[in-house]
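Asks: Just so you know, the protein sequences line up as chains H, Z, X and P, in that order. Numbered per the numbering used here, the first sequence spans residues 86 to 457. Numbered per the numbering used here, the second sequence spans residues 86 to 457. Numbered per the numbering used here, the third sequence spans residues 725 to 1118. Numbered per the numbering used here, the fourth sequence spans residues 725 to 1118.
These are computed hints drawn from the structure, not numbers from a lab. Among the hints, erroneous ones may be present.
Stated by the list, open to error - Covered stretches of chain H (in silico footprint by chain P; criterion: 3 or more residues with CB under 8 Å from a CB of chain P, positions within the stretch not fixed):
#1 86-98
#2 334-343
#3 374-383
#4 394-404
What the hints assert, rightly or not - For lysine-lysine, the following DSSO-like pairs were computed, each having C-alpha atoms within a straight-line distance of at most 27 Å:
#5 X:Lys967 <-> H:Lys350
#6 Z:Lys346 <-> P:Lys967
#7 X:Lys1110 <-> Z:Lys350
#8 X:Lys937 <-> H:Lys116
#9 P:Lys937 <-> Z:Lys350
#10 H:Lys346 <-> X:Lys1110
#11 P:Lys967 <-> Z:Lys121
#12 X:Lys937 <-> Z:Lys98
#13 Z:Lys350 <-> H:Lys346
#14 Z:Lys346 <-> P:Lys1110
#15 Z:Lys346 <-> X:Lys1110
#16 Z:Lys346 <-> H:Lys350
#17 P:Lys1110 <-> Z:Lys350
Bear in mind the structure is a predicted one, so any value in this text is a computation, not a measurement. Ideal Cβ positions, reconstructed from N, Cα and C, are used throughout, including at glycine.
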Amino acid sequence: MTLILTEEQTMLKEAADGFLNEHAPIAHLRKLRDSKDADGVSRELWRAFGEMGFAGVLIPEEHGGSGLGAVEAGVMAEALGRTLTPSPFLGSGVLSATVLKGGSAEQQAAWLPRIAAGEAIVSLAVDEGAKHAPARIATVAERSGNGFRLNGAKGFVLDGHVADALIVAALTGDGLTLFLVDPKTAGVGIERTVMVDAHNAARVTLTDVEVDADAVIGSVDGGEGLLEGALNLGRACAAASLNGAGDQAFQTTMAYLRTRKQFGKLIGEFQALQHRSAHLFSEIEIARAAVMGALTALDAGRDNAGLIVSVAKAKAGRVAELAVQEAVQMHGGVGMTDEYDVGLFMKRVRVLNELLGDAGFHQERMARAQGF
Amino acid sequence: MTLILTEEQTMLKEAADGFLNEHAPIAHLRKLRDSKDADGVSRELWRAFGEMGFAGVLIPEEHGGSGLGAVEAGVMAEALGRTLTPSPFLGSGVLSATVLKGGSAEQQAAWLPRIAAGEAIVSLAVDEGAKHAPARIATVAERSGNGFRLNGAKGFVLDGHVADALIVAALTGDGLTLFLVDPKTAGVGIERTVMVDAHNAARVTLTDVEVDADAVIGSVDGGEGLLEGALNLGRACAAASLNGAGDQAFQTTMAYLRTRKQFGKLIGEFQALQHRSAHLFSEIEIARAAVMGALTALDAGRDNAGLIVSVAKAKAGRVAELAVQEAVQMHGGVGMTDEYDVGLFMKRVRVLNELLGDAGFHQERMARAQGF
Amino acid sequence: MTDLDTFRAETRAWLEANCPAECRGPVESDEDRVWGGRNAVFPTPAHKTWLDRMGAKGWTAPEWPTVYGGGGLSREQAKVLHSEMRRIDAQAPLASFGVWMLGPALLAFGTEEQKQRFLPEIVRGEIRWCQGYSEPGAGSDLAAIQTRAEDKGDHWIVNGQKVWTSYADKADWIFCLVRTDPEASKHLGISFVLIDMATMGVSTRPITLISGKSPFCETFFDDVRVEKENLVGTLNRGWDVAKYLLAHERTMIGAMGELGGGRPIGQVATGSIGMDDDGRLDEPMLRARIAEMEIDAAAFRLAMERAGDQVKAGQAHPAIASMLKYYGSELNKRRHELLMAAGGSDALEWESDRSRHGSAARDWLRTKANSIEGGTSEVQLNIIAKHLLQLPGA
Amino acid sequence: MTDLDTFRAETRAWLEANCPAECRGPVESDEDRVWGGRNAVFPTPAHKTWLDRMGAKGWTAPEWPTVYGGGGLSREQAKVLHSEMRRIDAQAPLASFGVWMLGPALLAFGTEEQKQRFLPEIVRGEIRWCQGYSEPGAGSDLAAIQTRAEDKGDHWIVNGQKVWTSYADKADWIFCLVRTDPEASKHLGISFVLIDMATMGVSTRPITLISGKSPFCETFFDDVRVEKENLVGTLNRGWDVAKYLLAHERTMIGAMGELGGGRPIGQVATGSIGMDDDGRLDEPMLRARIAEMEIDAAAFRLAMERAGDQVKAGQAHPAIASMLKYYGSELNKRRHELLMAAGGSDALEWESDRSRHGSAARDWLRTKANSIEGGTSEVQLNIIAKHLLQLPGA
């Protein structure tokens, strides 16, 4: 297993980039945003994503997916980062699909084919506070009749306002349990969160929400491992998206440096900008290797894959942050205008950084893992 | 009170710089180092320092000092930082003199005039572990007859191997107490620590060391405030030394950039180096203001002086570190040779950074003070 | 009791009595600032009272001469006023390009008539000013100015376009650079003039920024008549005025983040994230970055104070303004990056009432312009390398 | 079981049986490395055994062809060997400029005779090589080389001086650049030759560094006879060989800090500082910096691995070596800054036995050369800007 794409993976990348550039370039995001689209995301595009085999990249072939791995999911996530496309891919295609693959045969049959087809949106509800902290979940599920009664509040639920189903992580007696919840159940409150990057999330409140026993995904009290696996895959894909967005902002900036004149020179001739660009290029290459390392480690099922995921998410986050900051600064005044795209990259990177643990969260995991 | 030197302070600065450039330039440090001088410090120079009125800058006039304040002590410390001169000034003239000013009339009369004259070296023994941590002192003083019995081990004791007296911080029943200890007392072990910068410190062990009750400086259990006051003054002066060393390395580097050619150009013409130099200049100016702020706050007895001292020590430390790193890098190969002085600045800055709390220690104080 | 102690006591008493409760506490957002002008908007009526009272004392411009409506305070007294305002968390009564930028230039270059006419209005916040330097395609390169003023004897006719004119759509007057001698080489032949925005032929169009706001405009001059009495400084030497003023603008922009108030980041973070058992912010890595930033911020405040002392003592190198502008801008950007991290996912909200319509995110995005407006960070570094370090070819 | 699995199992068994206990565990200092050569010094006799065994298998140069004494392994097998060595903390049997630098150049540019003569000795660590590129006054500017080789028919007579020749006083042979055509313009007219250090007229003088050590020398050539068979590559095209080799050197220097082993910083820090009640390093701010550095270090290791994969797949841009060299050097400097902070005042000791004669401080100072030797960080950034980013005028 190497840290470069195979021929098949390269073809997938080209297909994804080609599809997105044609059907969902940055203008697509702008249109959803400026028309104040009620959903903020296109279901039509999601179905097209399904038809292309993109939505089900991680879903087994018997459920209508492509049965591919983390590297392929990362390829998709990076492509989506480049075009800034709002898409249920990360929430449904990665996070929820991975959780559901640990569900019962019925649950799998009910949801995986529909996700693969781009027909269903399933949202994973984990975070509760301002920061990602799966170890500090306070939502509670108490036994109630044959099933459970859920109480709590969730935030940063990707696509939660358009979800066909929610997966809710809640405390049960001796651990964490994952529940499949119909958003139309009594007691479920959903508020769309319009975010700075015009991507989509929701706040979800659960007030005495009653679910049957068969709503449990996996085993009661045994949800932590399943959740952690899904989160790690999601983190690696978020890191891939960060790389995509950061690199795209960087490429745009390099093109600007090669053509824009000021003080009678091409600004790319200024050595100070050359060195900063070269440094940033190096960081981007390092981040790319880290993400590729995380994705291959997940595919190989390596013991320390979670730690490498943290390396990737932390590194890709910091690097993308630098990339968009340099992009705006090097563009000067026009970089501050809504008309130019660089600001959109800055916004998207901020959200992706916060998603599923920022660099600080993952550095903390590193410190803990190394015992200091 | 302003953050620039008064006319008198400027004269003191010029006198100190002039004296040190004449009598103790960097060659003086090299000579002590290369001759493997047994003390590593010149008592003759220390006496001359006394004659100039420099050693007793903080000591009241009635004890033969100049009766000046923190700003003037900082002026001296900065000058010593520029010439890298090994001197008991920080240990005796600042730290110990300040503690002793809180001692009994007898203690003051016995030691302050001799320090002011550059005749005595008194060392303050606080640190015990690898890092500065006055809150974690473990050396113990138990009541024993009329006096106390001391047990413990101290490190990083400035000039401890040539000290005429030691001031030892030890735990007593309900707090910290400072003891004046004759280094020749039975049970006191002293080992010189030759440090990377060829400046001087010692490790001190205390094994059942008996001292009389009149060895206590200030009150029993009441040493913490006295110690903290001395440490803050010492930290501010160490910060001033950091500024002196960092700025001197910077000035040397700027001179090199203006004259050294490579690839057919003066290296100072390369914009990348210009921007790094300009950034560093800014940092040095900020650090200078921080140190001046700390010294004036100490002189004014402001409530938050300790916090401003932390700002100064942390900032001056990080900035000087950057200054010496840039100095070596911009000098290229010759900067790595022992023959050039820039490496000596790097070494001195490392030691000053570690002394009395590094940037991390002082950032921690900032976080605690701001309640987060 | 020294004179200064007396002044402190009096000031404290006056502030206690005159600063309304509504005008105490951090300014949470740009929206809460009072900019004054003919169409002034106040967050609360108390803010108008506060401006009127401070303006009457000249304390919106404490160190300007009283003859022009200023406070007439010494530097030491001004420091006392500032520290006393901080003590009660008093908000600045007025945010004003007139006070920060034009005023100092008028005091240095203006005619007696200009000073008497414009300065008192600035102090009282009655006229709001904007700045017209940059032009399309010129960016940081002010020598490339194309807006031309044709000499018509007692007046000029001005034609051209400016960009990045802050709040031009809300301003009453503009101070700007125009080319009065098209033959002269780049830096020469430019003059500094004052133009009433109500003059026929002046129009503006807001530029929408990434923060979603439009504080900047494009400003168009279409055969605009400007009387010659509105020339500041010498004809064709507008560059001197502009440089002087830019230095002030730089200092001001550098200072804005620091002096603008706002809650300490550590407090924001513990509020949104919580603390561990040991009373520390429950995100150790973020905590370290905040602490490092607060060290730098405190040091920078001292550097601002020291620069003021140097100016007063006649020891200031003019290029120090570039250093402060550079450092303050970068610091403010870092500060808002950390505020975003401290706010976590809550700070990502863009439209909700809960987030005050995304004020955290919008303020964060706004700071990205700090290191571009008033001369980019790169331009400041060039100035430092050349004028303070004397590096060759800089 | 795949072939690779079989290879892994065999390798594991062989290493277990053949790697002496003394050769397991971190290399604490530069002094503990085995450099080989005619006058080889070994920390322990076991280290000689370890070198002999690994050399016999060709595993000191695992991917070189067996016909030249190498291991003949595929890239995948070499990765397995590496990971198995890491598993048991096996030290590198040999540190060698021959393996890292000259060997790859000989494989690419050498004659069959040169390969057969020199490569097997390099693999077995029998001949120690040093490098002669830089000259006084030339610094990073290799085109300015002045050492001249005068054509005498079947040999040259070489005169001149090199600086920064690492371990020249301990090396058996030197590979260096000499000017063979004084008329040609700077980059041309330079040739790459091999010189036995025992030749009459070769002398060295160590340069004392800030670390107190003298790994570098000045090397003088005074009428030194060099046979023409010792020319590598084409006459007057030594630049091509040098560039190729520099790329390898860069990668190697970049990698040294990472692959050289050493204890994790967090472990050093908890050892010297201790932990809080929650099992965290009892210096929160230092802890944050270490964690950030370890993230970068882990990412960099993956980048090294990826670059190797790219080379193998023929997808590598040659300038990527500059990126790795730049990044690895800066990272290693950061790493040692943190090691010094982790060691605190203990790490400041310079001469004591306790500190192993100041090994922490000396190693720290040594790393400062990483970003200078083999082309400065600035030179690498120039190369990246020009060759990877195609920025104008770079």
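Asks: Does each hint hold? Answer for all of them.
Replies: Tested hints:
1. A stretch counts as covered by a chain when three or more of its residues have a beta carbon under 8 Å from one of that chain; for the region 86-98 of chain H and chain P the count is 3, and the coverage holds.
2. With 3 residues carrying a beta carbon less than 8 Å from a beta carbon of chain P, the region 334-343 of chain H meets the three-residue requirement, and the given coverage holds.
3. As drawn, the region 374-383 of chain H meets chain P at 4 residues by the rule of a beta-carbon pair under 8 Å; at three or more, the given contact holds.
4. Against chain P, the region 394-404 of chain H contributes 5 residues with a C-beta closer than 8 Å to a partner C-beta. That satisfies the three-residue criterion, and the hint holds.
5. With a C-alpha separation of about 23 Å, the suggested pairing of Lys967 (chain X) with Lys350 (chain H) holds against the 27 Å cut-off.
6. A C-alpha spacing of about 23 Å is found between Lys346 (chain Z) and Lys967 (chain P), which places the hinted pair at or below 27 Å, so the restraint holds.
7. Annotation: proposed proximity of Lys1110 (chain X) to Lys350 (chain Z) holds, straight-line Cα distance about 17 Å (limit 27 Å).
8. Between the alpha carbons of Lys937 (chain X) and Lys116 (chain H) the distance comes to roughly 18 Å, so the proposed pair stays at or under 27 Å and holds.
9. At most 27 Å may separate the alpha-carbon atoms for a hinted pair to count; Lys937 (chain P) and Lys350 (chain Z) exceed this at roughly 32 Å.
10. At most 27 Å may separate the alpha-carbon atoms for a hinted pair to count; Lys346 (chain H) and Lys1110 (chain X) meet this at roughly 22 Å.
11. Distance check on the hinted pair: Lys967 (chain P) and Lys121 (chain Z) sit about 44 Å apart at the alpha-carbon level, beyond 27 Å; violated.
12. Between Lys937 (chain X) and Lys98 (chain Z) the CA atoms are separated by roughly 52 Å; this puts the pair beyond 27 Å, and the hint is violated.
13. This hinted pair checks out: Lys350 (chain Z) and Lys346 (chain H) have alpha carbons roughly 24 Å apart, not beyond 27 Å.
14. Between Lys346 (chain Z) and Lys1110 (chain P) the alpha-carbon distance is near 22 Å, which keeps this suggested pair within the 27 Å criterion.
15. Restraint check for Lys346 (chain Z) and Lys1110 (chain X): satisfied, since their Cα atoms lie roughly 18 Å apart, inside the 27 Å limit.
16. With a C-alpha separation of about 24 Å, the suggested pairing of Lys346 (chain Z) with Lys350 (chain H) holds against the 27 Å cut-off.
17. Distance restraint check for Lys1110 (chain P) and Lys350 (chain Z): the Cα-Cα separation of roughly 19 Å lies within the 27 Å cut-off, and the hinted pair is therefore satisfied.
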